[in-house]
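A.B. asks: Following the hints, complete the assembly by docking chain X onto the known chain A.
The listed protein sequences correspond, in order, to chains A and X.
Residues 470 to 584 (the numbering used here) are what the first sequence spells out, left to right.
Residues 260 to 374 (the numbering used here) are what the second sequence spells out, left to right.
Check each hint, because a few of them may be wrong.
[Said to hold, decoys possible] Which residues of chain A face chain X? A few of them, derived with a C-beta cut under 10 Å, are:
#	residue
1	K505
2	C537
3	L542
4	N544
5	L566
6	G568
7	V583
Rather than coming from a laboratory, the hints here were simulated on the basis of the structure.
Glycine included, every Cβ here is placed at the ideal spot set by N, Cα and C.
Okay, here's what each chain looks like letter by letter:
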Amino acid sequence: DTEVTQTPKHLVMGMTNKKSLKCEQHMGHRAMYWYKQKAKKPPELMFVYSYEKLSINESVPSRFSPECPNSSLLNLHLHALQPEDSALYLCASSHRLVGANTEAFFGQGTRLTVV
Amino acid sequence: QKEVEQDPGPLSVPEGAIVSLNCTYSNSAFQYFMWYRQYSRKGPELLMYTYSSGNKEDGRFTAQVDKSSKYISLFIRDSQPSDSATYLCAMSSADRGSTLGRLYFGRGTQLTVWP
Numbered sequence: 470d471t472e473v474t475q476t477p478k479h480l481v482m483g484m485t486n487k488k489s490l491k492c493e494q495h496m497g498h499r500a501m502y503w504y505k506q507k508a509k510k511p512p513e514l515m516f517v518y519s520y521e522k523l524s525i526n527e528s529v530p531s532r533f534s535p536e537c538p539n540s541s542l543l544n545l546h547l548h549a550l551q552p553e554d555s556a557l558y559l560c561a562s563s564h565r566l567v568g569a570n571t572e573a574f575f576g577q578g579t580r581l582t583v584v
Numbered sequence: 260q261k262e263v264e265q266d267p268g269p270l271s272v273p274e275g276a277i278v279s280l281n282c283t284y285s286n287s288a289f290q291y292f293m294w295y296r297q298y299s300r301k302g303p304e305l306l307m308y309t310y311s312s313g314n315k316e317d318g319r320f321t322a323q324v325d326k327s328s329k330y331i332s333l334f335i336r337d338s339q340p341s342d343s344a345t346y347l348c349a350m351s352s353a354d355r356g357s358t359l360g361r362l363y364f365g366r367g368t369q370l371t372v373w374p
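Bound conformation, chain A alone (with noise of 0.2 Å):
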């Protein structure tokens, strides 16, 4: 099984809202990460977490707060967002931190529309 699962799949929400994306692995990755991902551009890196500790960020904006609760799951929590930022917002999982021999593993990515 090499299934990341990602919920919502589809999210529309004004610039006053908060909401939250969450991923799901079950297959003992140790590392995860959220990327963001515009129509015809390849993923770009958001936030990178390792044994549950935030590893990276890429000086990602504050209304993007990412949690890792524990070594299956990874939340994005969403506040005051601008319509610029939707896009498709895809999880991966890899054993360990890509570098370090392991391929990733992504899921099907939440499509995201603020209004």
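C.D. replies: Structure of chain X alone, referenced to chain A:
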């Protein structure tokens, strides 16, 4: 110069053709290579993972790595309309510095296989 170069296409081939997709890279520390297939509005699906020069085959797919030329390829034999998607190459560095945890993507090549 981007670290990973990939021709975005679009590439259009008839059913049954052999497709060749390529990426070049500049960082000699890149040691691990992935090919992903991404259907429209879906998450990237891992097709192939390689970490050594040479060929790796999986069904109709063959991944080829030439580290001396910093060049990787994905070949698709007997292409099918269901192969129509965007193909992303990605790589990671064995250098344990700031690159650990980061995947470096190509722009993606859009492929259409027509019946």
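A.B. asks: For each hint, tell me whether it holds in the structure or not.
C.D. replies: Tested hints:
1. A hinted interface residue such as A/K505 counts as satisfied when its beta carbon comes closer than 10 Å to some beta carbon of chain X; here the least separation is about 12 Å, so the hint is violated.
2. Here the hint on A/C537 is broken, as its CB sits about 14 Å from the closest CB of chain X, past 10 Å.
3. The interface hint given for A/L542 is broken, as the beta carbon of that residue sits about 18 Å from the closest beta carbon of chain X, more than 10 Å.
4. Residue-level restraint check for A/N544 is violated (minimum Cβ-Cβ distance to chain X is 17 Å; threshold 10 Å).
5. The interface hint given for A/L566 holds, since its Cβ lies 4 Å from the closest Cβ of chain X, which is under the 10 Å cut-off.
6. Among the interface hints, the one on A/G568 holds; its C-beta lies about 4 Å from the nearest C-beta in chain X, closer than the 10 Å criterion.
7. Among the interface hints, the one on A/V583 is violated; its C-beta lies about 17 Å from the nearest C-beta in chain X, farther than the 10 Å criterion.
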